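Colleague: Could you build all of it, start to finish, from the sequences and the hints given here?
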Amino acid sequence: MSLFKYAAPSTFYPLAGKLVPWFGTLAFLLCALGLYLGLFVAPEDFQQGEVYRIIFVHVPTAWIAMFIYLVMAGYAVLSLIYQTRLSAMMIEALAPTGAMFTVLALWTGALWGKPTWGTYWVWDARMTSTLILLFLYVGYIALINAIEDKRRADKAGALLVLVGSVNVPIIYFSVKWWNTLHQGASISVSQGNKMATAMLLAMLIMALACWMYAIAVSLCRVRAIILTREKNAAWVAGINEIKGLK
Amino acid sequence: MTDQTLNQPERGFIVACQRDLKLAMRSRGETLQALVFFVIVVSLFPIAIGPEAVILKRVAPGVMWVCALLAVLLTLPRLFQQDYADGTLDQLALSRYPLPFIVGGKMMAHWLTTGFPLALLAPAIGLQYGLEARELVVLSAGLLLGTPVLTMLGAMGAALTLGVRGGAMLMALLVLPLYIPVLIFGTGAVESTMAGLDAAANLYLLAALNLFGIVSTPFAVAAATKISLD
Amino acid sequence: MSFTTLALSAKVITLKRGERDLFVDLSFSVNAGEVLVLRGANGVGKTSLLRVIAGLTVPDSGKLELNDAILKPLSELSRNHIHYVGHANQLKDDLTAEENLADALAVDAVATSIETRLDALNQVGLLKQRHVLGKRLSQGQKRRIGIAILLLNQKPIWLLDEPTNALDDAAVTLMCSVVDSHLARGGLCVIATHLSLALHKPTRELLMRELMAAR
Numbered sequence: 006m007s008l009f010k011y012a013a014p015s016t017f018y019p020l021a022g023k024l025v026p027w028f029g030t031l032a033f034l035l036c037a038l039g040l041y042l043g044l045f046v047a048p049e050d051f052q053q054g055e056v057y058r059i060i061f062v063h064v065p066t067a068w069i070a071m072f073i074y075l076v077m078a079g080y081a082v083l084s085l086i087y088q089t090r091l092s093a094m095m096i097e098a099l100a101p102t103g104a105m106f107t108v109l110a111l112w113t114g115a116l117w118g119k120p121t122w123g124t125y126w127v128w129d130a131r132m133t134s135t136l137i138l139l140f141l142y143v144g145y146i147a148l149i150n151a152i153e154d155k156r157r158a159d160k161a162g163a164l165l166v167l168v169g170s171v172n173v174p175i176i177y178f179s180v181k182w183w184n185t186l187h188q189g190a191s192i193s194v195s196q197g198n199k200m201a202t203a204m205l206l207a208m209l210i211m212a213l214a215c216w217m218y219a220i221a222v223s224l225c226r227v228r229a230i231i232l233t234r235e236k237n238a239a240w241v242a243g244i245n246e247i248k249g250l251k
Numbered sequence: 015m016t017d018q019t020l021n022q023p024e025r026g027f028i029v030a031c032q033r034d035l036k037l038a039m040r041s042r043g044e045t046l047q048a049l050v051f052f053v054i055v056v057s058l059f060p061i062a063i064g065p066e067a068v069i070l071k072r073v074a075p076g077v078m079w080v081c082a083l084l085a086v087l088l089t090l091p092r093l094f095q096q097d098y099a100d101g102t103l104d105q106l107a108l109s110r111y112p113l114p115f116i117v118g119g120k121m122m123a124h125w126l127t128t129g130f131p132l133a134l135l136a137p138a139i140g141l142q143y144g145l146e147a148r149e150l151v152v153l154s155a156g157l158l159l160g161t162p163v164l165t166m167l168g169a170m171g172a173a174l175t176l177g178v179r180g181g182a183m184l185m186a187l188l189v190l191p192l193y194i195p196v197l198i199f200g201t202g203a204v205e206s207t208m209a210g211l212d213a214a215a216n217l218y219l220l221a222a223l224n225l226f227g228i229v230s231t232p233f234a235v236a237a238a239t240k241i242s243l244d
Numbered sequence: 006m007s008f009t010t011l012a013l014s015a016k017v018i019t020l021k022r023g024e025r026d027l028f029v030d031l032s033f034s035v036n037a038g039e040v041l042v043l044r045g046a047n048g049v050g051k052t053s054l055l056r057v058i059a060g061l062t063v064p065d066s067g068k069l070e071l072n073d074a075i076l077k078p079l080s081e082l083s084r085n086h087i088h089y090v091g092h093a094n095q096l097k098d099d100l101t102a103e104e105n106l107a108d109a110l111a112v113d114a115v116a117t118s119i120e121t122r123l124d125a126l127n128q129v130g131l132l133k134q135r136h137v138l139g140k141r142l143s144q145g146q147k148r149r150i151g152i153a154i155l156l157l158n159q160k161p162i163w164l165l166d167e168p169t170n171a172l173d174d175a176a177v178t179l180m181c182s183v184v185d186s187h188l189a190r191g192g193l194c195v196i197a198t199h200l201s202l203a204l205h206k207p208t209r210e211l212l213m214r215e216l217m218a219a220r
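Protein chains in written order, with the working numbering: chain B, 6 to 251; chain S, 15 to 244; chain V, 6 to 220.
By construction, these hints were calculated from the structure, which means they are not laboratory data.
Remember, predicted model here, so these are calculated numbers, not experimental data.
Worth double-checking, as some hints may not be accurate.
Simulated restraints on C-beta separations [stated by the list, open to error]:
1. S:G144 to B:T185: 24 to 30 Å
2. S:R179 to V:A116: 37 to 43 Å
3. V:D73 to B:V82: 27 to 33 Å
4. S:R179 to V:V137: 51 to 57 Å
5. V:V137 to S:L141: 42 to 48 Å
A virtual CB, placed ideally from N, CA and C, is assigned to each residue, including glycine.
Modeller: See below:
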């Protein structure tokens, strides 16, 4: 299959190098547009005032944090079934970005919570599951760093992500269940369903920007991972950047 | 004789379970330690937060479940670590019996020596917290349904971290987030009983997790074991 | 009892460990009644090769074949034919010699009577120690239990990693005669050792050399 051609690190490395600037530029432009729409165009919320505008960062980062874990699970399936080394490297490259977005989502959630509810942390269903998602990311990163043999680390990491992704819906459901049981404070993002079109648009554009950023950064990172792993391979010695070093 | 047994892969489950039970009986002290740990830690809470009956009763389900969870966690290295070190795990992986059945048997033996006695012991300890008969029954039932899930998910973490530096702590890191649903439904069952509601929904959910674990984790744990032996 | 005619072959097997190539494009074949002896200095990958044949380690490329059927790692075909004895003694400290033997066979789906097991222990000279716990046995005695397991395990392909380690002369002779009779009934062996074994059967040798990382 022609797609598998790009599963070889030696073909993917230059391809990734060409794609990075495009995704990087897209991320920057979309982010600028999204922030402009969110901060200047979208109307002020009549209940929360200007403070609500943090959701233009909070919600997209939370979406992408969850989405990246799903993408990692997809690569985990590829890695375990087709034994493609690149898939495992992609998981490794995506994980730090996923963890970063999770932290951002939690942090902006806290910053939003303080003026809105008077407390930085609310044990509501969404915040709690995001926190657990962060634990899953941290667990994966800790596991692959603890295992010295890269082959084993790849496979173990992929299996862990797969098991984690099966558990994510269960965890999410159980946390919601727990939340209704305890009648905790609940953050409703949309403040009813009459969200202005500009708000929704800004949020979607910001989510796209985060997505493009995630792609650009993880492609960069996977290039570094490929080079580290394959430093003795003949094709690496032939790369122009490397030649310049020697 | 060999061919007969081969047609019954489920014999692998029984054989592995018997083997691990025998080994657990030989090191009874180690097996009992988890129970003693549970009793001690549960007893630490009243000392730490004061003996007011109302508060104790309020925190009882959470304390009991978190302690049970930690007690199970501490015993998890026992599942594979010794077999890995003395080479018998190679033997088990190369056995004519399929590995999922064998690890299934090992998980069963682990539960019979940790979760099961914990579930029986918990009501006695629950008395310290002023729980009433009905609540104690629900606590015990929840532990009976929930601790197998702790064993199954834990086996996964134990197999993945075999022979890894700082494996025990790492395993806790991997496994504890996955334990959250069990914790929620387990404590939920006792709390709804305390609120005069029906605990059935929570118990059913625990049973569902249990069934899902039984059909899926033996394969995942077998895969993890193979990865660690590679 | 004898085995159906078997031939085990490895086709261009490559295994990498970290950045090091342990072996590249390694091929060999062993037929029924033959033994392949792996030789080479420490660290050239003899144990790794045995683990690859056993199916415990998955090679980076290449394949194993058993009578033209592909031997997938830890597949049913593989598990039904291969017995592997590694560095570790594969014994439990808390079980007696006899229990260790019984358990090792039971987890491998071999049903044995107590008489058969005692007979095997007698053959390896451990009848008197049958009630001694694994942790109280000497290293040599532990290896002898391994020989008793070999006597009863009924698998045609044996992979032995330094089987003569810690054995006295008498036990080495015993080991060789056990291997010989296994070969005589159509079994085959792959043995990693640095000693020359006094075997009566044809011996193939595979000299493994240290490979430099591919540049």
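Colleague: If you test the structure against every hint from before, which numbers come out violated?
Modeller: 4
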